[in-house]
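> Residue numbers (our numbering), protein chains in the order written: chain A, 876 to 1249; chain B, 876 to 1249; chain C, 876 to 1249; chain D, 876 to 1249; chain E, 876 to 1249.
The set of hints was computed from the structure by calculation and includes no laboratory data.
Please note that the accuracy of each hint is not assured.
For chains that are exact copies, the list does not tell them apart, and a pair is met inside one copy or across any two.
The calculated lysine-lysine pairs, modelled on DSS-like cross-linking and capped at a C-alpha distance of 27 Å, are [claimed, not checked]: (1) 1131 <-> 1029; (2) 982 <-> 965; (3) 965 <-> 934; (4) 968 <-> 888; (5) 1135 <-> 1029; (6) 965 <-> 1135; (7) 982 <-> 1131; (8) 1135 <-> 1041; (9) 1135 <-> 962; (10) 1152 <-> 888; (11) 968 <-> 1017; (12) 962 <-> 1131; (13) 968 <-> 910; (14) 1128 <-> 968; (15) 1070 <-> 887.
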Amino acid sequence: MAKIRRIQLKSKKYIPLPGISPGSIQLYEGALPSKITAFAYDNTEYQCEDLNSLDELDKYFKKRPALTHWIDIRGIGELELYDYIEKKYKIHKLVLEDIANIQQRPKVDEYDGYLYAVSRMLYVDTGLEIENEQVSFILFPKVLISFQENYTQKFEPVIHRLQSGKGNIRAGGSSYMLYSLMDVIVDDYFTLIYKLGDELETIEELLYRKPDKTLMHQTQAIKRAMIMIRRAVWPERDKINDMIRSESKLINKQTKTFLKDTYDHCMQVIDLVESYKDITTSLIDMNLSFISNRMNEIMKVLTIISSIFIPLTFIAGVYGMNFAYQDPKTGEILQHNMPELYSENGYVYTMAVMVLIGIVQMFYFWRKGWLSNK
Amino acid sequence: MAKIRRIQLKSKKYIPLPGISPGSIQLYEGALPSKITAFAYDNTEYQCEDLNSLDELDKYFKKRPALTHWIDIRGIGELELYDYIEKKYKIHKLVLEDIANIQQRPKVDEYDGYLYAVSRMLYVDTGLEIENEQVSFILFPKVLISFQENYTQKFEPVIHRLQSGKGNIRAGGSSYMLYSLMDVIVDDYFTLIYKLGDELETIEELLYRKPDKTLMHQTQAIKRAMIMIRRAVWPERDKINDMIRSESKLINKQTKTFLKDTYDHCMQVIDLVESYKDITTSLIDMNLSFISNRMNEIMKVLTIISSIFIPLTFIAGVYGMNFAYQDPKTGEILQHNMPELYSENGYVYTMAVMVLIGIVQMFYFWRKGWLSNK
Amino acid sequence: MAKIRRIQLKSKKYIPLPGISPGSIQLYEGALPSKITAFAYDNTEYQCEDLNSLDELDKYFKKRPALTHWIDIRGIGELELYDYIEKKYKIHKLVLEDIANIQQRPKVDEYDGYLYAVSRMLYVDTGLEIENEQVSFILFPKVLISFQENYTQKFEPVIHRLQSGKGNIRAGGSSYMLYSLMDVIVDDYFTLIYKLGDELETIEELLYRKPDKTLMHQTQAIKRAMIMIRRAVWPERDKINDMIRSESKLINKQTKTFLKDTYDHCMQVIDLVESYKDITTSLIDMNLSFISNRMNEIMKVLTIISSIFIPLTFIAGVYGMNFAYQDPKTGEILQHNMPELYSENGYVYTMAVMVLIGIVQMFYFWRKGWLSNK
Amino acid sequence: MAKIRRIQLKSKKYIPLPGISPGSIQLYEGALPSKITAFAYDNTEYQCEDLNSLDELDKYFKKRPALTHWIDIRGIGELELYDYIEKKYKIHKLVLEDIANIQQRPKVDEYDGYLYAVSRMLYVDTGLEIENEQVSFILFPKVLISFQENYTQKFEPVIHRLQSGKGNIRAGGSSYMLYSLMDVIVDDYFTLIYKLGDELETIEELLYRKPDKTLMHQTQAIKRAMIMIRRAVWPERDKINDMIRSESKLINKQTKTFLKDTYDHCMQVIDLVESYKDITTSLIDMNLSFISNRMNEIMKVLTIISSIFIPLTFIAGVYGMNFAYQDPKTGEILQHNMPELYSENGYVYTMAVMVLIGIVQMFYFWRKGWLSNK
Amino acid sequence: MAKIRRIQLKSKKYIPLPGISPGSIQLYEGALPSKITAFAYDNTEYQCEDLNSLDELDKYFKKRPALTHWIDIRGIGELELYDYIEKKYKIHKLVLEDIANIQQRPKVDEYDGYLYAVSRMLYVDTGLEIENEQVSFILFPKVLISFQENYTQKFEPVIHRLQSGKGNIRAGGSSYMLYSLMDVIVDDYFTLIYKLGDELETIEELLYRKPDKTLMHQTQAIKRAMIMIRRAVWPERDKINDMIRSESKLINKQTKTFLKDTYDHCMQVIDLVESYKDITTSLIDMNLSFISNRMNEIMKVLTIISSIFIPLTFIAGVYGMNFAYQDPKTGEILQHNMPELYSENGYVYTMAVMVLIGIVQMFYFWRKGWLSNK
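Looking at chain A on its own, in the form it has when it is part of the complex:
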């Protein structure tokens, strides 16, 4: 039998302290120290290096001035990171605050000389815990910096393509790299949705066979997950649309063509989410009707047994009464007192009447359709 595992939404809270100076960096609880990997490539060359500290970044760039660069930063829990980025790249304070505030909705903001974009990466952890991670991007003409919350290697397929040099990933410049990473994120939505969809199918199957309290909870959990995904995808779609219609020179025309494809994928995700959300609603409705049906079934059993035996017990009770045959004082025979008890076939007739009553009732219940299991 298919087993049901509990789905959970991981939730990290980031409560802005009211009144702190805008642009102040406020790290969320549990933010990780940064791991930095730097990629440099063009049509012919490809280099990848793990950096131990931000300081190495300078040297790194000096070595390869002509290449396209992608700096992949995993873990955003060090204040030095923000300081460095701000000073080195002249990034607006509000952008840095947004990178640290991990509750951003997907959006794209254009600044002088660079572009800031946020995506939400959704995936199922081991143990059916849904991770909702923020990924920020800063796009320069020849450099892309990405910021991830966790150390998970979700961009590995892109790195693989970069290594192998297939497709136009090496020739597309930094905006194509941005597209590639965002595309991975959107494609991951499908994986997540189908995993939840499979759970739904299991639930539906079990619901027909063996309805159960936990199914309701699981359905509710999936419904909430769907709502969460929808909340990520709608602004994702808007963001991609903004990028397609953007007049910024940072995003080249070829990238826009590919972004249209990602836009279509977003629409498909939205369709799927709505579809599965409808199914959860339908399952919850069905569950309620199942509960009511079971109640009906229980009540029918009670009613049938009680209705048959209570009247019979009454009859038995009548003939268990002790009305005297003769007046104990006078010895006079009280002939109206239960003469049935003293007739020859009193017992047999009584039992026959009882059986008859039982049969009549069974017939009545059968005609009402209460005996069939529907």
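Start from chain A and add chains B, C, D and E according to the hints.
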């Protein structure tokens, strides 16, 4: 009695591998090898040929350069197909990916020299399984290529009209052919919806006569089917609207007039779908109230029988008590102990009281309206 | 007592055959042969004639070339009708198809030299069956042709006004006549809605006095009727709006002023429909709570009676046990065996205890408010 | 204890006769004869006169040609009124029809030389009956005519201000007067809404203390009243917006500034209505859960008492069986037949077992939390 | 165990007297007398002073003409305040009315020389009472006046920043100060929402462990709070958007950049609110299914016990009947009268049959799954 057959939505999953190069062809599970039929026609001529392989297509075109061509490809599960199309017709990689990704929403994309359109074909299989098939079209000035997932011959009526040369199908060029095929697809929605509508009527009829658990499931299934159809028709409508307002030279003015008609049909389908969706909601509501009513009925039977006989049984129980007539030790008569048992008409009076109580209760229940079956 | 009659929506199905040539006329099942009445009028003259066949129409026009004409065609089930109209008036094939396809949504289409409009006429038949009839109009500069499905004389008030020559109906030209007929149709919605509203009031009244299964069905039926009316009125409103903003010379300025009035009526109809739809929802909710309340009432009766008598019956049962007074073998008196039975006032005390238990329970139930009928 | 009075919506029906000539005046049932009060004022002067008939109006105007006039007409049930207005002021027939048709939605229509506006005045009658009255206005450069259905003096505060000459009401011209009256109407919505809101609070309080069938009805009634208010306020808002953006010279700039304030009030009314509507929904939900909870409570009492005493009664029944101690024929002792009855402490042990069973069950129910009243 | 405290929405009513002159100040019940604190600052200087009366304000300004000023007024219950503001700053009467009318929706109005803005400040009081306070702002080129209802010091963090001179708060001018205060208000929404969110989590946890009537009320209360927050945030968002797109010179470009950040925060608040509202709906649904499940459980206990013991009691009742062994008159043995009673193992067999019946029933219930606690 009308029988209820289970409606099912066939679902094929196409999960894009995150991070694969955009434009990579990823075949869905169970994709079929291609069968190709080529049609060539103009006002006077008509030819139809089944091709064994894509290579024959070249020869085929050379033989009839002046005619309008429709290449009908059924089955999209061969990678060579995409290769051939790409090389021969200079189709963008993303278009090819879309043809293979069978979860496209209806849309139309304009490219240099050709136009790519997607429709969703919905129809009921034998066995009430609803098929949701993707049909892609590539439209050139004189050639239309259509891509279907399955081998079903849903375009037969168009082929028939082409053969007989009736109407302006032969004179309308490739865009009129595109319209004709899309029109068939939209008209098929009516067939599907009415079939589901008939099921709904059967369900409603049964609901009044003999409510049943399976009716609920069937109603839910039809509701989902309606949601699925709606999800196909809305973007279909938008697509047609885009085509009507398109400035592409590929779609001629006459075709646009006819597309307006298809647009109206889409609106009618949407109306019907909303209408039937409302009916399913209404049926689900009614089902719940039926279940509650049945519970009421069951409880009334239990309550009537219990309420009448439990007090009577109590009375019988009282007179079945063994309080002694005389003290066994002293032989003194205990005159307060159940003197009724020794009165001349004790039994008769007791029974009379019992009957009276029963009548009073029946009257009470009758006045409450519990005896009528409502 | 107000009686409830079953409301039903008449539904005619028109399933377009997929793939038939666009513009092909497909008659719906049960389409009636045409009856034609021709009206010719101007400020001073008025003539009305029933024509036996379409052929007479020619002669008819020749006799009165200067007048305004209204050709009223009732019944659209003859193919010759479409042929004649097409040839005589050069009407587009798609318009003819739309006249025959009786599932059109209200709309207005402008063509060269004429204008095609569709309205939906809703009215209650005898027997509370709601008729949903399509009325098509073709408007020429001096001629209006109207097409109705049935023979019902819903336009009689207009004919009456035409006859009497009151108002500016004779002077307004063919577009004013079109307005007049559409106005009749919209005003008829009020009649229908108020009739349904009266039913709703009856239902609500009965619901408070004597809730009943059939009330639920009736409410659901009215809800559906409201949904159907809404589906007709919204596009009707849009159509009228299109006509008001149309730049066609066929609709003169004076007519547009009057159409604004019809537009306002449409808005009122929409308001009423929404209002009554809310009431149906509210009635369905109340019905459900009534059912639950009744269940509560039934359960209270059962619980009160069972709770009181079951413990009493138990006590009676205890004293009906046959534990022996003396050991039958040894004759020794078993003094622990139910000495109550042999005490002087055992019976009286037992009965007193029983009465006391009953009173305590009644008091408990009274305090819980279960004895009042709420 | 707070008492609940039944809220009712007064509904007057105005069913347009289909096909009557547009602009025909059709009086609603119960329309009152007109009472006319004329006000004439400027910065320095103020005069108020009750007119006995429309004819006096002429004389009235002649006496005070330079002043601003407000003609307050209460009661619109006389056909002469419409005749007089039409002839004297050259008002369009459709406007007159709209004044008589008391189901207009709030709107403003501009005509040559005058402006026609409709408001809906909502207020609670004595006896919690909600009145929904139509107020029409015709605005000329120096004259405002208002038409009310009833004789209620809802404009008294404005008259008072006019008398006292405070604010700029006397200097603002006829459009400011129109604004003042409309402002009174919108401010009255607050009074109505808060009255209903107070009822809702009473209901909620009672719901917690003593749920009752009538509370449900009252909640439903308030919900409907809220829906009715919303239906009046939304178009009211649109109307005011239209007036603010109108280019008509009849509404001067200063008035528009004040209308913006009324617009804001409309938005507040809408907010309040939505808020209270949400509360009614929440109360209906809570009511349903209360009903279910009470059912649970009732069932618990039944189950506890039955479950405890039914098994005990069975035991008592067993020892009330009459299996013979010795064979009556042979006198042989049947030692397997209920030896318990003849044991020394049979009764005591039996009773002990019964008490034990009762205690075990009570403990079970207590652990399930059924004994606490939750 | 987590404890549930009751959440309440504080509601103050402000019912405009219908017909009072627009711009009249109407104080709400409980309005507090004003406390005034004046701040004057520029890049180098900072002064803060508590003023005893409005008259001191003049002197205050004269002393520091070149600095930026923020006048913080807490308590708006004195008519002299409005008089002073009106005369001194030439503020429009409607603005003053809006300051006093504490039910304004967030909005921004531009006037000649100044700008009027309203925000709604939401926070949880001690005791989980949610305060919904109106904060008004009047923005001049170098002066900002803020009006709060209560004496709570919600702007303390800003004052702190002002004191310390960190960030660009001292250099940003009055519009930056306006932004800072509005930003505090929006950030406070997060605090409130997360507090309610924590409550929701506690409720959900308790719901699984120990469902309870009060949980339902609490959930409903949180749902309403969410609705109230949403009602504040949406217009807040629109207001900020209006300010960003405003062409007024009062708001400088730098401030607009920061307002975009606040706009994003509003969007996040809206997302969170929708998210938590969905969770409340889900909890209410689950609660209902819990209640139904408990009912099922209760009924199962009743049904199992009744179904087992009622038939057994019947059997015991049968053998408790007193059918005579021999005719008391004739002494003839009535051999059909309950011969079982006199058989050797009658009692043992009877008990065995009873046990068997019990076992069969238990098996039946076990197979139905009624014995497991699901």
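> Against each hint, give a clear statement of whether it holds in the structure.
How the hints compare with the structure:
1. 1131 <-> 1029: Within one copy only: 23 Å inside a chain, 36 Å across chains, cut-off 27 Å.
2. 982 <-> 965: Close inside one copy (20 Å), not across copies (35 Å); limit 27 Å.
3. 965 <-> 934: The answer is within: 19 Å in one copy meets 27 Å, while 45 Å across copies does not.
4. 968 <-> 888: For residue 968 and residue 888, the Cα distance is within 27 Å only inside one copy (21 Å; across copies 42 Å).
5. 1135 <-> 1029: within (22 Å within a copy, 31 Å between copies)
6. 965 <-> 1135: Intra 31 Å, inter 19 Å, cutoff 27 Å: inter-copy only.
7. 982 <-> 1131: So residue 982 and residue 1131 pass the 27 Å test inside a copy (16 Å) and across (18 Å) alike.
8. 1135 <-> 1041: within (21 Å within a copy, 40 Å between copies)
9. 1135 <-> 962: For residue 1135 and residue 962, the Cα distance is within 27 Å only across copies (23 Å; inside one copy 35 Å).
10. 1152 <-> 888: both (25 Å within a copy, 17 Å between copies)
11. 968 <-> 1017: both (22 Å within a copy, 26 Å between copies)
12. 962 <-> 1131: Classified as between: cross-chain Cα gap 23 Å, same-chain 31 Å, threshold 27 Å.
13. 968 <-> 910: Within one copy only: 22 Å inside, 36 Å across.
14. 1128 <-> 968: between (30 Å within a copy, 16 Å between copies)
15. 1070 <-> 887: Result: close both inside a copy and across copies, 23 Å intra and 14 Å inter.
Checked against the numbered hints above, the structure breaks none of them.
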